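In case you want the letters, here they are:
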Amino acid sequence: MNRFYLKHHYLSIVRNPSFGGEVFAIILLFLFLLSLSPLIYSELENYVVNTAELFAATNGAYGLFLSLYISVDLILKQIFRRPTPKIKYYNLLGDFSHSISWQYLITSLFGILPFVFFMPCCVVAYKAATWFDWTDAALLIFWWLINHSLGIWSQFGHKRLNLVFLTLATTFILLQYFLSSFEIWRVLFHPLVVALVLPIVIYCAYSSVRKVLKQKVINPVQAKDPLFLGQLNFKNPLYQLEWTLIARNKRTRSNLLMGLLLIPIFLFNPVYRDSPDLLPMVYFIIINLVAIQHSLYSFGWESSYFDFLVTTISPQQFFIAKWNVMLFSCALGGLLCFISSLFLETNLFLLLLIFIYSVGVNIPLVLFRNHYHDAKIDLSENALFNYNGVLTGPILVSSFATILLPLAIYMVGNAVSDGAGGLALGAFGLVGVLARKQIILILSRKFSKRKLHLSQSFKA
Amino acid sequence: MIKIENLKKSFDNKLALDIPKLQIAPGEALGIVGNNGAGKTTLFKTILDLLKPDSGYVSINDFHVNINAEWQQVLNAFIDESFLIEFLKPKEYLSFVLKVRDAKESVDDLLQIYADFSNDDINTSTKLIRDLSTGTKVRIGILSTMIGTPQYCILDEPFAHIDPTSQAKLRKLIRSKQQEGRCMIVSSHNLQNIAESCDRVILIESGCIKYDVEVSDDNIKMLGDYFEES
Numbered sequence: 001m002n003r004f005y006l007k008h009h010y011l012s013i014v015r016n017p018s019f020g021g022e023v024f025a026i027i028l029l030f031l032f033l034l035s036l037s038p039l040i041y042s043e044l045e046n047y048v049v050n051t052a053e054l055f056a057a058t059n060g061a062y063g064l065f066l067s068l069y070i071s072v073d074l075i076l077k078q079i080f081r082r083p084t085p086k087i088k089y090y091n092l093l094g095d096f097s098h099s100i101s102w103q104y105l106i107t108s109l110f111g112i113l114p115f116v117f118f119m120p121c122c123v124v125a126y127k128a129a130t131w132f133d134w135t136d137a138a139l140l141i142f143w144w145l146i147n148h149s150l151g152i153w154s155q156f157g158h159k160r161l162n163l164v165f166l167t168l169a170t171t172f173i174l175l176q177y178f179l180s181s182f183e184i185w186r187v188l189f190h191p192l193v194v195a196l197v198l199p200i201v202i203y204c205a206y207s208s209v210r211k212v213l214k215q216k217v218i219n220p221v222q223a224k225d226p227l228f229l230g231q232l233n234f235k236n237p238l239y240q241l242e243w244t245l246i247a248r249n250k251r252t253r254s255n256l257l258m259g260l261l262l263i264p265i266f267l268f269n270p271v272y273r274d275s276p277d278l279l280p281m282v283y284f285i286i287i288n289l290v291a292i293q294h295s296l297y298s299f300g301w302e303s304s305y306f307d308f309l310v311t312t313i314s315p316q317q318f319f320i321a322k323w324n325v326m327l328f329s330c331a332l333g334g335l336l337c338f339i340s341s342l343f344l345e346t347n348l349f350l351l352l353l354i355f356i357y358s359v360g361v362n363i364p365l366v367l368f369r370n371h372y373h374d375a376k377i378d379l380s381e382n383a384l385f386n387y388n389g390v391l392t393g394p395i396l397v398s399s400f401a402t403i404l405l406p407l408a409i410y411m412v413g414n415a416v417s418d419g420a421g422g423l424a425l426g427a428f429g430l431v432g433v434l435a436r437k438q439i440i441l442i443l444s445r446k447f448s449k450r451k452l453h454l455s456q457s458f459k460a
Numbered sequence: 001m002i003k004i005e006n007l008k009k010s011f012d013n014k015l016a017l018d019i020p021k022l023q024i025a026p027g028e029a030l031g032i033v034g035n036n037g038a039g040k041t042t043l044f045k046t047i048l049d050l051l052k053p054d055s056g057y058v059s060i061n062d063f064h065v066n067i068n069a070e071w072q073q074v075l076n077a078f079i080d081e082s083f084l085i086e087f088l089k090p091k092e093y094l095s096f097v098l099k100v101r102d103a104k105e106s107v108d109d110l111l112q113i114y115a116d117f118s119n120d121d122i123n124t125s126t127k128l129i130r131d132l133s134t135g136t137k138v139r140i141g142i143l144s145t146m147i148g149t150p151q152y153c154i155l156d157e158p159f160a161h162i163d164p165t166s167q168a169k170l171r172k173l174i175r176s177k178q179q180e181g182r183c184m185i186v187s188s189h190n191l192q193n194i195a196e197s198c199d200r201v202i203l204i205e206s207g208c209i210k211y212d213v214e215v216s217d218d219n220i221k222m223l224g225d226y227f228e229e230s
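Chains as they are written, first to last, in the numbering used here: chain A, 1 to 460; chain B, 1 to 230.
Extracted from the complex, chain A is given alone in its bound form (with noise of 0.2 Å):
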């Protein structure tokens, strides 16, 4: 067999900028399931040893298998997507028609795989989500499981709608019964009319989403009026770039919406609801969503025009831009965990600190590390610090510096004496709220020292 497309294949998965990324978050998942592995194990013995005793359980085989098993499902999916436009280039190539046959077989059972793989999944995730009654894991199974369908509707670029359709109709009856765990689908809805309603729910509001976006944003030939930006027509075009970008740029959309979706999730979680050291995780994860996306994905994405900016425009107003763009977000994420606690009485005061310390403390650190580049940006280089990486490599730092530093905070502070870890968060951010003039100052005066480094690091 000739090892020529092998190779280049290797190529392209060592070489594409994100590689290095996904696989350090598929090794933090492992890691993370793999600290469950005890709790999975202890829930299998229970369901072993409760129906037909049909295994022979080691101690933490199951939680290990499934561990590996979603690991190695996320890697495959990595290395196999698509592949076969490549597989037709190379053959355009002229030179190694021979061996095409043997190259497509090979292509074509990796690209089944994520298939073979489904069905089982969903049984396996179902089944936690059973044995469980909704706790973290089943939680991050299920967030695994949506990436999975979402996954393998790639594979088929939207072509095959048949098998979409199924795709789609398998996920979304497995979702129900998610959501029936939930006690408001429960009162809300019937498993039954979930199951049969909710599919065709979700696909007309997607179709819907779709369309606008698509004769709006996407494709913006079916447009009758060009002029996006002429329609938002903000007097500062900074912010009509910003917007234009968070519409136009299909990570951060897409990002978005399955963040919003995720809000109702978190927010009527009764584990999430009920429990005081969670819910502050879950108010900054929404407060913090849009600002931490966007921030990463527009530095990103100004590599494509970063000159253009830095020789016209001066690093005050970029970062006044950015920072109101973020504090909209804010206040929209804010919003959202206000009319939630509205029906869910938990601690408006609390909510409010957060928000402070999100506009105090998050968005200057998340304008702060994003545009923070200290090597120039090769692609020879490893993957975290590449071009993409732009938006790797920040986005595990910032998550981490945003949500889980003022968790510290929270829960020292409450271990401290009760109630004073809200404060602490509200007076860190207060500071920075009233110190807003000089930290975009020192940032301006930061990013125009490394404008030079920048410019140079944006253009590999």
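No wet-lab data here; the hints were simulated from the structure. Just so it is clear, the structure is predicted and the values come from calculations on it, not from any experiment. Each statement offered as a hint is correct.
Sample of chain B residues facing chain A (criterion: CB under 8 Å; computed from the structure): (1) D49; (2) L50; (3) L51; (4) A77; (5) I85; (6) F87; (7) L88; (8) V100.
We put the CB at the ideal spot given by N, CA and C, even for glycine.
Since chain A is already given, all that's left is putting chain B on it; use the hints.
Structure of chain B alone, referenced to chain A:
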């Protein structure tokens, strides 16, 4: 006045730019020619404060570009397509630049003024810039440098990707802008384009200025001979 003094820039110990003195007066049409890797873009990037020189300085209207950003108000530049914002449509991009430059005219006014140089690809296109051909992108970039009333315009190889008709229109455009009093600094591989659009031509080789001459038939022939012999 753009002043360059003792400007040196090296990459990996290889000298990319070495210009002891260069002055570009307002209202001039300066052409810069040179082979690939001669240092034309490096010079432009240094002028635009996108590269830090190892020594020397660039000043525009007595403002050192790396110290004071006032020069941003008097200079428009288009180096390559990466200067464009790829997820905007042509008219959106021009509208954005108009707003950034605080220009009073609307996009339609602008396209009307430069009707010769813009065509349907720009005027009625609903595609995003990233989906346009390189030639169209270059024309959008050139149009964007015409926005407002800058004293200086820098165009790096603007003739490279555009069709012969657009090249002829661009030559006329450069001439007309220079006659309006704008300093046009243009680089090209094509001596003929420079000869027809500029008054003064500089030949750069290995980062050094080999010739700095007025445009005339004899000088253009001399520069042509230089390229043939080198």
